[in-house]
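Asker: Spelled out from the first residue to the last, the chains are:
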Amino acid sequence: MDKQATLLFSLLARPQKLADLDMPTWDVLIRQARNADLLGRVYELVAEHQLFDAVPLPVRPHLLSARRVARRHTAMVGFELGNLLGILAKLDTPVVVLKGAAYVLAGLPAAAGRVFSDIDLMVAKEHLDEAEKLLKIQAWVASADSYDDKYYRKWMHELPPLQHLKRHTLLDLHHAILPQTARLKPDSDKLFAAAVPVDGYPNAFVLCPQDMVLHSATHLFHDDEFKHGARDLVDLDTLLRYFGKDDAFWQSLVSRGETMDLSRPLYYALRFCQRLLDTPVPELVMAQAARLGRPVGPLAWLMDKLFERALPADHPMCVDSFTPLAKWLLYLRSHYLRMPFHLLIPHLLHKAFISPINARRMEKKAENRPTIEGLIAENKAP
Amino acid sequence: MIVADYSEEALQSLIAGSGLRFDVGPFVVNLQSSLDNFAADIRLMYGTCPLSTQSFADFHVRLDQPFGLRRWFRPQTNFTQDGRTPFKPLPLEQSFAMFEWGLNWCVSSQCHQYLIVHAAVVERAGLALIMPAPPGSGKSTLCAGLVARGWRLLTDELALVSLEQPGEVIALPRPISLKNESIDVIREFAPQQVIGPIAHDTAKGTVAHMAAPPESIRRGTETATSRLLIFPKYIPGASTSIVPRQKAASFMELAEQSFNFNVLGELGFQALKQVLDNCDCYDLSYSDLDDVIPALEQLIDASGASPALDASLTNSGGATDG
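Protein sequences, first through last, are from chains A and B. Mapping of the first sequence onto this note's numbering: residues 1 to 382, in sequence order. Mapping of the second sequence onto this note's numbering: residues 1001 to 1322, in sequence order.
Here chain B stands alone, though its shape is the one from the complex:
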């Protein structure tokens, strides 16, 4: 059974009661909320996720309105995990975004069974393209674009690198977070994709989420082998350019973008080293999704036929442009 097998009313009463328990990648989430219509958002954005039959949940989370005057005056939402509120409340209309960010916090602060890197990961023919990038670089837009053209979504925000299967990335197919102009870009580029509630005036500007495609969720237990490490940058008006990049510098950048590299110590180092050994590294600048996506498809298909350019961390290798 999947979440959307329940009607909105049934979901609402489940969420208001003992909680809706569903699988998100390797995790079981138990969601409770006293908000009026949270079920609608969940059904829209997580509808194809399997319902969990397990009596153990990884995260028990809640969304509620705080007590007091703010219930009526500019109402707010609070995210709690087992009674702990890691963050300040946000305006009520940002409830779904807050759920997403709260879940990110749960995973990134508590799941050291993986090396967790702030990066988007998509897959084609079993090979993973990893895109670490600071906010505003156009990583999520590119990720959404690729996914809309049939790449499998592993994650938009939290790359879970396996510590047990060297070089493998574990899927955490959740909604892709789109900001500001990206929302319209993706609406136009991929009108068939499901876009969720829009939250205005967040710390990141206007935010909306694109649901993970059902196919990505269905294949949520399949890992993908890291093969391309690309640092994207959206530059208005730029033509697509893919330039090889030093492995050592890429390693450092990835470590920097990791949430728990320091917690894991040598384990984390080894896991990251394997990813770098597997991957060809590139800097990418782009402005046009229709142009960049075929280029990336060509690049990953070509890389599937050949071993990694240079397994040594110290050499950038002599890559040909895709």
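Same shape as in the complex, but just chain A:
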């Protein structure tokens, strides 16, 4: 990968360098960060290192805008979590808040400057039906088509995405962190057992630090599209830097990964955080993680090449001639990891041939993707 392609990562790794960027470099950085949903993160780094005065005037509005959007997102997530935890309190069972929403709830630095596409919650599987009923009464409803709906409920680790009818916020309600059909089998009971209560909400928990990292790693390195790849890697980096101040965290991270059957994604997380974002990972931890999670020789080399192309910002200047192939291979891999072949093949065939026909039919009924005129007519920005 050339230098421009990884500019965003190299500056996130060494934010002090932001002090003396020239304008053309800012031009590149803002565009990459915007596409990667990391502009708010850049603002936070600038603020943390007190570099705002060094940012050229024309660049500043972009950082300020991103900060405002991120603060708005954080406020909304807090508001929705308050509602959701209230609704689910009737279950009288722990609700584990996952990913971005958990960073907000636990007040972690990973929440700073972040934007959110949805909220992720997890309840024990036996409470899932009841939880869905409670949510439905409060206008959180599933809107997947009938094939997807069945697919989620039968094979996945979560309900089909729920959406609030009025506010349009998206909610993923999990009972596990990987599909029931996945090759790796992290045990949800163990996640619940180690989860940490959150002050102020009697039923709210977040994953323990090690599990939080493992879940983030699993989510990223089992992903099929890598649309948020850069942002998710930055999440991991921020979590590792924060939890890593405590030696006890590192001492149990690798063994926890093994217990949870997640040594492979943990290895990738540590490797690519270290390689792309200079995350300080103790040598011994890296060696242990590699021993348990590193794929065999040529595969390790191939995976390096693939992830190097999938993780940088989703921007035309971060793409080389192998990027499309790399992303396609990772797409296949994610499905291979998600379910055994006898389920996978019919599913991919359905997605390739039946879904587009259905989608087209749906589209004829109602335009799904917003058109520019529609947005202006409705007067709402996406």
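Mixed in with the good hints there might be a few duds.
[Said to hold, decoys possible] A short, non-exhaustive set of chain B residues, derived as facing chain A with CB atoms under 7 Å:
#1 T1053
#2 F1056
#3 D1082
#4 H1112
#5 Q1113
Since the hints were made in silico from the structure, they are not lab data. Idealized CB from N, CA, C, for every residue including glycine.
Since the structure of chain A is already known, use the hints to place chain B on it.
Answerer: This is chain B only, laid out in the frame that chain A set:
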């Protein structure tokens, strides 16, 4: 230097290469395109915009034909910003309109350094007349009419309300979007104005743009102080009527017409409150530009001599008809 200092051929090769970089109000746009003759449209509609010397652009946008069969069969245009395509492609003949709408999207979704309201703003003697209105209300026609009679154009679509200078509106002088019958109305009313390429059968019907007058572009860095808030409505055959309107209701309407009121939270509320404090609010119905324009001129000139009718948001005040 301005855009039109380049010949059409020079512009075309710039747009096909590293991009044409020009100032539009407070923004720097870097435009690239592989379309055959996009330079002609840009030169016509943005000719008096200053070329930018800055190596940082706010928006890097492209217009291209999508790959595949549609290159030959009913060809289309795609708008992209840094590889992202926020919208479905449109027919090739709507390329210029798509550029306009794409730029609207860039500003309204990414520029939260302003409170952005869906409204036209024109200025006379330093005072801004703000006209928020749903599509089809005749806002753009009235805006074009006023501009053709010497009012300065700040914006036809996106009112940028300052968060730093209370009550000030920042200029974004870009082409005015005219729809259907309005195109002929303005052609007849102001034959000297430049009207750009006509796009038929868009989602809004037939669309053409009237270029911002050079004088409005030249004064593009001057703000204007909000003073009149008018909700226009074109009613065929109606005589001009200007009726005072409640400030509280006007505030809510303006918030409703804002793209980022919810993003800005209290900042947005304060900015909007200052606008409402500054402004007298009216409902306007009209059908005849020759009749309504002098009425508005009288109204704004009179308001320049007096403080806002009633600074409180809760009272409509007892305005006299202009």
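Asker: Hey, does the B/D1082 contact hint survive, CB to chain A under 7 Å?
Answerer: 5 Å, holds
Asker: Under 7 Å is the threshold here; is the Cβ of B/F1056 close enough to any Cβ of chain A for the hint to stand?
Answerer: 5 Å, holds
Asker: Mind checking the CB of B/Q1113 against every CB in chain A and telling me if the closest is under 7 Å?
Answerer: 4 Å, holds
Asker: Interface hint check: B/H1112, Cβ to nearest Cβ on chain A, cutoff 7 Å. Holds or violated?
Answerer: Since chain A brings a Cβ to about 4 Å from B/H1112, closer than 7 Å, the hint holds.
Asker: Would the hint on B/T1053 stand, with a C-beta cut-off of 7 Å toward chain A?
Answerer: With a closest approach of 11 Å, the B/T1053 hint is violated.
When each numbered hint is compared with the structure, a violation occurs for hint 1 only.
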